[in-house]
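Hey, can you work out the whole structure from these sequences and the hints?
Same order as they appear, the protein sequences are chains F and S.
Residue numbering for the first sequence follows the numbering used here, starting at 1 and increasing by one per position.
Residue numbering for the second sequence follows the numbering used here, starting at 1 and increasing by one per position.
Worth flagging that the hints you see were computed from the coordinates, not collected in a lab.
In this text the structure is predicted, and so the values were computed from the model without any measurement.
Watch out, some of these pointers could steer you wrong.
Unchecked claim - Simulated crosslink set (DSBU-like; lysine-lysine; CA at most 35 Å straight-line): (1) S:Lys32 <-> F:Lys270; (2) F:Lys118 <-> S:Lys32; (3) F:Lys273 <-> S:Lys224; (4) S:Lys241 <-> F:Lys273; (5) F:Lys280 <-> S:Lys231; (6) F:Lys280 <-> S:Lys241; (7) S:Lys20 <-> F:Lys141; (8) S:Lys145 <-> F:Lys270; (9) F:Lys141 <-> S:Lys170; (10) F:Lys211 <-> S:Lys145; (11) F:Lys273 <-> S:Lys20; (12) F:Lys270 <-> S:Lys16.
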Amino acid sequence: MAVLLLAEHDNKTLAASTAKALTAARAFGGNVDILVAGEGCRAVADEAAKLEGVGKVLLADAPQLAHRLAEDTTATILPLMANYTVLLAPATTMGKNVLPRVAALLDVGQISDIVEVKSPDTFVRPIYAGNALETVQTSDKIVVATVRTTAFAATGEGGSAAIETVTPADEVTSSSFVGADITESERPELTAARVVISGGRGMASGENFEKLIAPIADRLGAAIGASRAAVDSGYMPNDYQVGQTGKVVAPELYVAVGISGAIQHLAGMKDSKVIVAINKDAEAPIFQVADYGLVGDLFEVLPELNEELKKAGYGD
Amino acid sequence: MKILVPIKRVIDSNVKVRVKSDGSGVDLANVKMSMNPFCEIAVEEAVRIKERGEASEVVAVSIGGAKAQDTLRTALAMGADRAILVKADDTVEPLGVAKVLKAVVENEKPDLIILGKQAIDDDCNQTGQMLAGLLGVPQGTFASKVELDGDTVKVTREVDGGLETVALTKPAVITTDLRLNEPRYASLPNIMKAKKKPIDETTPGDLGVDIAPRLKVLAVAEPKAREAGIKVDGVTALVDKLKNEAGVL
Ligand SMILES: Cc1cc2nc3c(=O)[nH]c(=O)nc-3n(C[C@H](O)[C@H](O)[C@H](O)COP(=O)(O)OP(=O)(O)OC[C@H]3O[C@@H](n4cnc5c(N)ncnc54)[C@H](O)[C@@H]3O)c2cc1C
Ligand SMILES: Nc1ncnc2c1ncn2[C@@H]1O[C@H](COP(=O)(O)O)[C@@H](O)[C@H]1O
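Dropping the structure here:
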């Protein structure tokens, strides 16, 4: 059995989700190669080669792969699959966009968001917003799956795999990159952060996120998240959304502020190690999953919390 | 220009899902079913494009049991012109759905196919990408904005880092994200009118498509429930607990 893992990166650095998906890939018990597809991404391949247990790194470097559009990335992966029986990617928006297209062209199904590899053909995955876990066995000759990275620890460094260049497929002209509006932030990446503080509709405005949540996040080195209601209301950009149809996070500490705790939100955070809820409604469902609940008005609680953390020596 | 909108009938998003005690699946008996929320957004987008005069026909299609008729009627009441029901009683996996849709596309020759990004029952997020692959056409997934311009369609996509815009040559596949639009409620007169709109019926067999599943579900289980926590009476207590009890600060 040979596994190909499609790396997540931004052409400069390898994303943490790749090392986590690698742990799932290694659970198949066979050789694992990593494909780095991009433009000017040799440094990413170098990083991937250092991960423990990697057979070799395939580097496909071409202008049409700069943004890993599904059409071009698929065209580059397909011929490689002659040598592999498993194709994996982290369940990022890139992985979710590319892998089903590849699977269909291989005439195999895809198993989305695997959280456990029971055996090379049997997997566990969440369905119904994480309200149920299904164990599925595939009869396909090639396994294509995306990996829910919160379910796997990152593989560490310690390897020194060879890097082999592969020839990218010709450019697919029916689709082209126009532009991107990437959220700039000095804070840790949401899915990789040790602490996440999320705000919901109760925050009432984007300015309040800046005024009340940001100082606390900075003291704790936390990432900021949001509920769908907070994103729909324009308080925060779309990439802050945590939940069934947003990002899935499982930090050491998740603080939910002014979030009611709808199942779609819980789906994205209920595997966090410790959950804190701050909500003025003592009946809010978020308290049913919170280890520590604080009933109160966030406009009073957050400034107090900031002061308390300051006193306790966090941040400046 | 013609738009095809594949829609799925799923458990209503407000229903609390229960796993059957024998572990064979989730309990769907007597629970409220609705159009998948992302499919509602897809229908809404197609109807808006038509209302702007940029499309001449919106066709809704669903693969499912007889009850999928109700879901198709909802799409017709929202403004779709006609509908196709591809009857299949058992679960059809995304690859099977994509193959059926490919056959429908070959008959209907739409310029755009707008799907939901994800069905909230299987949470697969696959069908649109698979269909685009099988058709060999470009895909604009997780769309929060769709702009038509002659032969091309510009799609703004919700991605992990923020937003990304791609330009696709038609025919193209688009999948909807939450921020694309806010779907309308069908008005009573439109619900009445929808009753007269045609729904054609066919089957995967008639379309010459093999929808045999590739996956066997061995078990369905409830996830481990979280232990109920405690309420603290203020931030001082909270910080103390996080530091000294939970050890996460
Ligand atoms: C298809 C679909 C997909 C979805 N995907 C997601 C998803 O990925 N992520 C997600 O989050 N949601 C998702 N949702 C939406 C979800 O169902 C809820 O509507 C949403 O999570 C609610 O957000 P909220 O908790 O911020 O708002 P609300 O439910 O309105 O809750 C606001 C909370 O703030 C509290 N509050 C208000 N003022 C204060 C104050 N001053 N101090 C303290 N507390 C206060 C209130 O008591 C209340 O509990 C999805 C829904 C659907 C249908
Ligand atoms: N049985 C079906 N009939 C029609 N459309 C479907 C069906 N299943 C999935 N789809 C479409 O594919 C989208 C994504 O579904 P999925 O890939 O299952 O998450 C849905 O929002 C629908 O637009």
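Comparing the hints with the structure gives:
With a C-alpha separation of about 25 Å, the suggested pairing of Lys32 (chain S) with Lys270 (chain F) holds against the 35 Å cut-off. For the suggested pair Lys118 (chain F) and Lys32 (chain S), the alpha carbons sit about 34 Å apart, so the restraint of at most 35 Å is met. About 13 Å separates the Cα atoms of Lys273 (chain F) and Lys224 (chain S), which keeps this hinted pair within 35 Å; it holds. For a cut-off of 35 Å, the pair hint linking Lys241 (chain S) to Lys273 (chain F) stands: about 14 Å separates their Cα positions.
A distance of roughly 12 Å separates the Cα atoms of Lys280 (chain F) and Lys231 (chain S); the hinted pair therefore holds under the 35 Å criterion. Simply put, Lys280 (chain F) and Lys241 (chain S) have alpha-carbon atoms about 20 Å apart, close enough for the 35 Å limit, and the pair holds. Using a Cα cut-off of 35 Å, the hinted pair Lys20 (chain S) and Lys141 (chain F) holds, with the two alpha carbons roughly 31 Å apart. Only pairs whose Cα atoms come within 35 Å are accepted, and Lys145 (chain S) paired with Lys270 (chain F) is accepted, the gap being roughly 30 Å.
For the suggested pair Lys141 (chain F) and Lys170 (chain S), the alpha carbons sit about 33 Å apart, so the restraint of at most 35 Å is met. Proximity of Lys211 (chain F) to Lys145 (chain S) is assessed by CA-CA distance (about 30 Å); at most 35 Å being required, the pair is judged to hold. Distance check on the hinted pair: Lys273 (chain F) and Lys20 (chain S) sit about 28 Å apart at the alpha-carbon level, within 35 Å; holds. For a cut-off of 35 Å, the pair hint linking Lys270 (chain F) to Lys16 (chain S) stands: about 16 Å separates their Cα positions.
The structure meets every hint from the earlier list without exception.
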